[in-house]
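Fit chain F to the given chain D structure using the hints.
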Amino acid sequence: NAGVTQTPKFQVLKTGQSMTLQCAQDMNHEYMSWYRQDPGMGLRLIHYSVGAGITDQGEVPNGYNVSRSTTEDFPLRLLSAAPSQTSVYFCASSYLIRGRGLYEQYFGPGTRLTVT
Amino acid sequence: QQQVKQSPQSLIVQKGGISIINCAYENTAFDYFPWYQQFPGKGPALLIAIRPDVSEKKEGRFTISFNKSAKQFSLHIMDSQPGDSATYFCAASKPAGNKLTFGGGTRVLVKP
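Protein chains in written order, with my numbering: chain D, 1 to 116; chain F, 1 to 112.
The shape of chain F in the complex, shown without the other chains:
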């Protein structure tokens, strides 16, 4: 079964709008939650990451919100730009763990 579930599968947003991607996990041993951004023909690249000791982390226009009790976390892309059009993956790993468990991915299209 998929240990990290991601939704939606695809998303269309107007330039300047907010993109929201949600992930839910089952394994309470996970303690590191990164988000990766992938452009067509490229490998994933780390975008932003959070640990469960904080409920929110912001880097520029990208914010992760984390709800430990609900076992959910989400990525918000504020003021979305056409250059943000990409596939986004959430992931999770265990303490000091090198093995990532990925969600299924969300394809984001930002329309100018």
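With the rest of the complex left out, here is chain D:
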């Protein structure tokens, strides 16, 4: 299993440009999430999905769109990049541990995005 994969690893954008960060998982997990990591702030949830066709907003959704057409893929779109979106982006997938009511999350390696 490749686990959670993310592309690209690095990206530089100019203000106003749009782009899509790709995320894929091969573990057949129902749940997928996008987080951004900024110094001193830990990871903050942007959007998440509980299954194909179902998405919802997290803590910091503004400026980002998501869709989930398949179980495997969960792309994150930046509509009009801003310098405040300079960050490291992590995709995660998780599954419900039956009988324990817990989710174990697996994170991808991250995409480092710089917006100038």
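Watch out, some of these pointers could steer you wrong.
[As the list claims (entries may be wrong)] Far from chain F by the CB rule (all over 10 Å, computed), these chain D residues: (1) 20; (2) 104; (3) 115.
[As the list claims (entries may be wrong)] A few chain F positions that, by computed beta-carbon distances, are all more than 10 Å from chain D: (4) 49; (5) 65; (6) 66; (7) 83.
[What the hints assert, rightly or not] Pairwise CB distance ranges (calculated): (8) D/112 - F/20: 28 to 38 Å; (9) F/45 - D/96: 40 to 50 Å; (10) D/79 - F/94: 26 to 36 Å; (11) F/40 - D/7: 12 to 22 Å; (12) D/19 - F/94: 25 to 35 Å.
Calculated from the structure, these hints are not laboratory results. All C-beta atoms, glycine included, are put in the ideal place defined by N, C-alpha and C.
Below, chain F without anything else, positioned relative to chain D:
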């Protein structure tokens, strides 16, 4: 406001020493408290987790202590090794919740 507060921001410990990282939370609805370990250039990886029905959980050299009344939990790394040098994040989630709220992270450096 930050719902999970983590301290210290950074920590230097000698090889063989004990690293202690503390977290405090505000939302009493949280009932799952994992710790993640992150190496440079990598994504976070689950290290150990606890639920409020126990006060302590130990896995190898890593121990979580949990104080429900104080709404605090901590990670102890015993016999710290240079390979433990990483950033550690505490987190919390609500019952059957898939959404994690993270602390700000602690960068641990273990000196040989």
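Hints and how they fare:
1. 20: 19 Å, holds
2. 104: It is violated; residue 104 of chain D is separated from chain F by about 6 Å at its closest Cβ, not greater than 10 Å.
3. 115: 20 Å, holds
4. 49: Residue 49 of chain F is in fact no farther than 10 Å from some Cβ atom of chain D, at 8 Å.
5. 65: It holds; residue 65 of chain F is separated from chain D by about 19 Å at its closest Cβ, greater than 10 Å.
6. 66: 15 Å, holds
7. 83: Check passes; 19 Å lies beyond 10 Å.
8. D/112 - F/20: 28 to 38 Å: 30 Å, holds
9. F/45 - D/96: 40 to 50 Å: With Cβ atoms ~19 Å apart, the hint is violated.
10. D/79 - F/94: 26 to 36 Å: This hint holds: roughly 30 Å between Cβ atoms.
11. F/40 - D/7: 12 to 22 Å: 20 Å, holds
12. D/19 - F/94: 25 to 35 Å: Given about 33 Å between the Cβ atoms, the range holds.
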